[in-house]
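Visitor: On the provided structure of chain A, position chain B as indicated by the hints.
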Amino acid sequence: MELNFTGTDICAVNGTRSAPEARYDVVVVGAGPSGIAAAVEHATAGKSVLLVDENPVSGALMGNDTPLYFGGRMTAATQNSERMLEAIFMSMPDLEKAMDAGAELLLGTTAWGVYRNGPGVASLPDQVVGLADAERSWMVGFGTIVLATGARDLAMAFPGWNQPGVMGAAALQMLLTRYDAFAGRRVLVLGSHDLALETALVAHARGIEVAGLIEVRDAPQGSADLVAQVKAAGISISCGQTIASAKGGIDGVESATLTSGETIACDTICAAIGLVPSIELVDAMHGPRALNPTRGGYIPAGEASVIAVGDCAGLTDSGFDHIGYRMDWMRALTAVTTNDTIICQCEEVTRADLIGIQPPNYLPRPAAMCARSLETLLKDGPANPDQIKRLTRSGMGVCQGRRCRDQVAMLLALETGTPYGTIPLASHRAPVRPLPLKILAEWDEPAEMEAAWDVWFGIPTQWVPVEDIGTPYQDEHREMLYTGMYK
Amino acid sequence: MSGSEVVIVGGGVTGLSAGWWLARSGVKVTVLDKFIVGWEASGRNGGGASHYASPLFDEEQRLWPQMDELLGYPTEHRKGRILIAMTERQWEQYRFIAERHKRLDHPVELLDVKQIQEAVPLAGDNSFGGIHYKFGGHANPQRSVQAYAWALQDLGGKIIQHSPVTGFETAGGKVTAVKTANATYGCDSVVVAAGPQIPQLMAQLGVDVPLAAARAEMIITEPAPMMPLGGVDGHKIYGRQTLRGNLAYGGGPHEWLDVDATGPAARPSTPLARNLAKRLAEMLPKAAHLNVIRSWAGVIENSPDGRPIIDRLTSPDNVVVASMSSVGFGLSPASGHAIRDLVIDGKCSFADIDLLKLSRFDGLEKDWREKRGWMPIS
Chain A
1 MELNFTGTDI CAVNGTRSAP EARYDVVVVG AGPSGIAAAV EHATAGKSVL LVDENPVSGA
61 LMGNDTPLYF GGRMTAATQN SERMLEAIFM SMPDLEKAMD AGAELLLGTT AWGVYRNGPG
121 VASLPDQVVG LADAERSWMV GFGTIVLATG ARDLAMAFPG WNQPGVMGAA ALQMLLTRYD
181 AFAGRRVLVL GSHDLALETA LVAHARGIEV AGLIEVRDAP QGSADLVAQV KAAGISISCG
241 QTIASAKGGI DGVESATLTS GETIACDTIC AAIGLVPSIE LVDAMHGPRA LNPTRGGYIP
301 AGEASVIAVG DCAGLTDSGF DHIGYRMDWM RALTAVTTND TIICQCEEVT RADLIGIQPP
361 NYLPRPAAMC ARSLETLLKD GPANPDQIKR LTRSGMGVCQ GRRCRDQVAM LLALETGTPY
421 GTIPLASHRA PVRPLPLKIL AEWDEPAEME AAWDVWFGIP TQWVPVEDIG TPYQDEHREM
481 LYTGMYK
Chain B
1001 MSGSEVVIVG GGVTGLSAGW WLARSGVKVT VLDKFIVGWE ASGRNGGGAS HYASPLFDEE
1061 QRLWPQMDEL LGYPTEHRKG RILIAMTERQ WEQYRFIAER HKRLDHPVEL LDVKQIQEAV
1121 PLAGDNSFGG IHYKFGGHAN PQRSVQAYAW ALQDLGGKII QHSPVTGFET AGGKVTAVKT
1181 ANATYGCDSV VVAAGPQIPQ LMAQLGVDVP LAAARAEMII TEPAPMMPLG GVDGHKIYGR
1241 QTLRGNLAYG GGPHEWLDVD ATGPAARPST PLARNLAKRL AEMLPKAAHL NVIRSWAGVI
1301 ENSPDGRPII DRLTSPDNVV VASMSSVGFG LSPASGHAIR DLVIDGKCSF ADIDLLKLSR
1361 FDGLEKDWRE KRGWMPIS
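Protein chains in written order, with this note's numbering: chain A, 1 to 487; chain B, 1001 to 1378.
One or more of the hints may lead you astray.
[To be verified] Calculated lysine-lysine pairs in the DSBU-like style (CA-CA distance at most 30 Å, straight line): (1) B:Lys1034 with B:Lys1357; (2) A:Lys438 with B:Lys1114; (3) B:Lys1079 with B:Lys1286; (4) B:Lys1102 with B:Lys1134; (5) A:Lys379 with B:Lys1158; (6) B:Lys1347 with B:Lys1179; (7) B:Lys1034 with B:Lys1179; (8) B:Lys1179 with A:Lys379; (9) A:Lys438 with B:Lys1102; (10) B:Lys1134 with B:Lys1158; (11) B:Lys1286 with B:Lys1114; (12) A:Lys379 with B:Lys1028; (13) B:Lys1236 with A:Lys438; (14) B:Lys1236 with B:Lys1134; (15) B:Lys1236 with A:Lys379; (16) B:Lys1236 with B:Lys1179; (17) B:Lys1236 with B:Lys1114; (18) B:Lys1102 with B:Lys1114.
Keep in mind the hints are simulated off the structure, nothing from the lab.
So that you can see chain A by itself, here it is in the shape it has in the complex:
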C-alpha cells in the first residue's frame, strides 16, 4: 500500500477544539463570602468577572453527599429548586453587591474542570474552565481563576455510619442556616473543636435538640468562649471516648452507643471532626499543593493565574493541628470498627477488604488472591491510595471519594506506621462533580472534531489484518475504513 504523507495527521487533536463560549478576565468559583469579596474587588477594578456557584445543587446530588456530606437528612424542600435559589439570595445579601459591582452571577452552575496548556498538553485554545448547569455544559476562558470553593466535611467510618442520619457539620450548617431544610430533630455531635462547638450552637439556636458532644481527647478542644457557650446552653461534652456504633431503622439513625457503654437516642450523628479544603479543581488540573496540618490538609500552593481564597486556601490558622486531631479520632475509631465495617460506601468496600487489598465480592478470590494483603503489597513499595483504589475500588464510586478519600489515607498511615503526610493524596479527576453524559456532552462540537475523530490513531497500516497484507483486500480495507487518511 502506498502512503502519501502530507505532514498533516488529520486524526490528531490539533485545531479540532471549540473556542470557549466566552472569556472573562476573572472567573470566581464559589459565591461564599470570600468568592463574593474577590468578585467585588476585581469587578470594581474594571475587570470582567464571572461569579459561579454550584448551589443549589440538585436533590439527587445532595443524596450522593455532593458537595457536602448531607447524610440523607434533607427535607423535601431541597427538591424545590426555586425555593432553594430564593433561600440562597435571602441568606447571602452580598450577592447583590457583586452584581452591583458588575460581576455576572450564575448560581446552580458547577465548575467541573480547569484546563490549561502545560506538560503533556499543548492543544487547548485558551485556559478554560468547564461549567455546567441543569441543562448543559460549556467552556469559559479566563485570565485568572479565583477558587473560593470552601471546605468539605471529613467523614469517618464507625459501625453503623453507612446509614441515613450520619452527616457532616458543614452540611448540617448549610441545611439549617441557608435552606431551613434539615430533617432531623436530635443531633449527637462528634468532636469538640470550634467546628463542633459552633455547629452545636447553630443547631441549638434553630431549635434542634443537641444530645451532646463526644470528644476523643480528654478535654474539649475548642476555644474557651465557645465551650462556655455550649455548656451554658445545657449541652454536655463527653470527653475521653468515642462513638462505638450507631443503630437505626428504616429512616436511619435512632441511637448511638458510646465506648463507655452509654446509649444516646438521636436521629442524627454529625461528624464535626474536621473540614477539608475543597481543592478538587486544583488537583484535577495538576496544580501545585502542599499539606498544611494547621490549615486543614492539602491546600493550593499558589500560581499566578490560579488564586485560592477563603477555606479553599486553607482553614483559618489558629495553630491547631487538624491532622493530629483527626489521627487521634482515626485511632479510636479503628479500635471500634470491625472487619466488616464499610469504609467506601459507594463500592461497599469493607475495612478487611481494604486492608486485605481484596477485589469486590463479584470477583473470585482464589488462594493466591487471598494470600495477598497490604502487607505483601508494601514489600513492593510504599502505600499508594490510587493503586489500592484500583485493586479494591475504594474511592471509585459516584461520590468521587468525598466520603472515603481522607479516611483511607489516614487508615493507610496507621496501618503502615507512617506519617499521614507520606501517604500520597489520591488523585482528583475531572469532572470533579458527577455530571450526566447528556449534560457533559458537547452536542454542537466543531466539524473539525468530527472530521478528526477515529476510534484510535487512524493509522491505515495499524489494523490491516495480517492475512490481508499484500492482497487486494489490503487496499479495500484501507478504502473502506480510512478514507481521507494520508491522501
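Guide: Only chain B this time, still in chain A's reference frame:
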C-alpha cells in the same frame, strides 16, 4: 536457559507478561519499573482483547479465557464483543469487517436493532445495526496488570518499583547489566519494554527505535445495570461495561508529544471528555442520564506503521525490544509468550512475527515523524 537471569525494563503489561512467561520457564526474572506496575498506558486503556489484525491474534484468543486460572488472580475477562453502527457509513464499514471475518472463519453475526437491544439494553432504537463478534472480549487492565505482577512474584520473579533504568553495561557484544540510580542488575538477557521511553533507552545501545508518543483519553460513568454483553464498541468509540457496571470509553483525536527518558511529564485529560460523552450518549442513549465520574489520559507510543516491534536484536544479541505500538493490553498474554520465545529460543514458537521486526524500518527517512504530521504542537 533455565537458571539464567533476565532483566526486564518496564513493568507495563508487556514487560510483566514477558516476565511471567519467562518465570514459568524457570528463568530468574527481575522487572524494573520507574514507578508502580501498570501506572502508564497499561492501566489506563479500554481493556479490549479482540485484535484480529495482529499475528498474535490466535494466541490472544486461546489464552484470555484461561488467564484467571493461569495467573491465579482475577482479570475480569469476559468473552465477546458487539459493534453498534450509528450512521449508515459505519454500518457499511462494520458489514465490511463482518464479511472479512466470515472469510477467515471467525464467528460473527449481524444484529438488527432489536437483537442489539437484547444484548445491550442501554442501546436505543437509533442504530443502523450491529455485529456480534463471538470471539475477543475484554478485561480489567488495572486488575490484570497487577495479576501478572503477582503471578510473576509467585513464581520467584522480582519486581523492583520506583527504580527508573538509567543505562546499561555492555561487554563482548552483549548487555551484561542494567543500571538504576541505586543498583546494577547483572543479566544474561534484557527485555526493553519501556513504552515511550524505549527510543531513549535503546539509543544508549546505539539502536534506533522509531517511536512517537501521544496522549489519548477516556471517561467513565457511574454503574449502570449489568448488560448481558458488556464489550460494546462502535460509533468510533471503544470501551466496556466493567463488571461493576460502569461504562468506560475512549476514542477520538490524539495529541502527539515528546517524551524524554524519564517518561511522560504528566497525563492531563482535556475537554475531549465532552466529545466522548456525546458519542457514548448517542450510542447508548438509555445511559445518557448516567453521571460521568472521572476522566483520564494515558501516553502511548506508535511505530511508523502502527504495528508492534517485537524483535531480538543482532547487536547486542541478548536484547529483545518490545513496543506494542499503542495496542498492548489485549495482546499481552500473547506478546509475553512471543518475547519469552525470543529470549529463550530466539524464535517465536506459535506465530510468524517477522512482520514485527525492527529491521523493517532500516531505510526509514530521518524526518518520518514530520512527514506523518506526528509532531507535538509547538
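Visitor: For each hint, tell me whether it holds in the structure or not.
Guide: How the hints compare with the structure:
Only pairs whose Cα atoms come within 30 Å are accepted, and Lys1034 of chain B paired with Lys1357 of chain B is accepted, the gap being roughly 26 Å. Distance check on the hinted pair: Lys438 of chain A and Lys1114 of chain B sit about 23 Å apart at the alpha-carbon level, within 30 Å; holds. Under the criterion of a C-alpha separation no larger than 30 Å, the hint pairing Lys1079 of chain B with Lys1286 of chain B is consistent with the structure, at around 23 Å. A threshold of 30 Å between alpha carbons decides the hint, and for Lys1102 of chain B with Lys1134 of chain B the separation of about 12 Å falls inside it, so the pair holds.
The hinted pair formed by Lys379 of chain A and Lys1158 of chain B meets the criterion: a straight-line CA distance of about 11 Å does not exceed 30 Å. With a C-alpha separation of about 27 Å, the suggested pair Lys1347 of chain B and Lys1179 of chain B falls inside the 30 Å cut-off, and the hint holds. Note on Lys1034 of chain B and Lys1179 of chain B: the hinted pairing holds, with a Cα-Cα distance of about 12 Å set against a maximum of 30 Å. Under the criterion of a C-alpha separation no larger than 30 Å, the hint pairing Lys1179 of chain B with Lys379 of chain A is consistent with the structure, at around 21 Å.
Of the supplied pair hints, the one linking Lys438 of chain A and Lys1102 of chain B is violated, its CA atoms being roughly 37 Å apart against a limit of 30 Å. Pair hint Lys1134 of chain B plus Lys1158 of chain B does not hold up; C-alpha atoms about 37 Å apart against a cutoff of 30 Å. Straight-line distance between C-alpha atoms of Lys1286 of chain B and Lys1114 of chain B comes to about 14 Å, which keeps the hinted pair within the 30 Å bound. About 19 Å separates the Cα atoms of Lys379 of chain A and Lys1028 of chain B, which keeps this hinted pair within 30 Å; it holds.
With a C-alpha separation of about 18 Å, the suggested pairing of Lys1236 of chain B with Lys438 of chain A holds against the 30 Å cut-off. Among the hinted pairs, Lys1236 of chain B with Lys1134 of chain B is consistent with the structure: their alpha-carbon atoms are about 20 Å apart, no more than 30 Å. Proposed proximity of Lys1236 of chain B and Lys379 of chain A is contradicted: the alpha carbons are some 42 Å apart, above 30 Å. Between Lys1236 of chain B and Lys1179 of chain B the CA atoms are separated by roughly 42 Å; this puts the pair beyond 30 Å, and the hint is violated.
In summary, the hint linking Lys1236 of chain B to Lys1114 of chain B is supported, as the alpha carbons are separated by about 21 Å, within the 30 Å threshold. With a C-alpha separation of about 22 Å, the suggested pairing of Lys1102 of chain B with Lys1114 of chain B holds against the 30 Å cut-off.
Of the numbered hints given earlier, the model fails hints 9, 10, 15, 16; all others are met.
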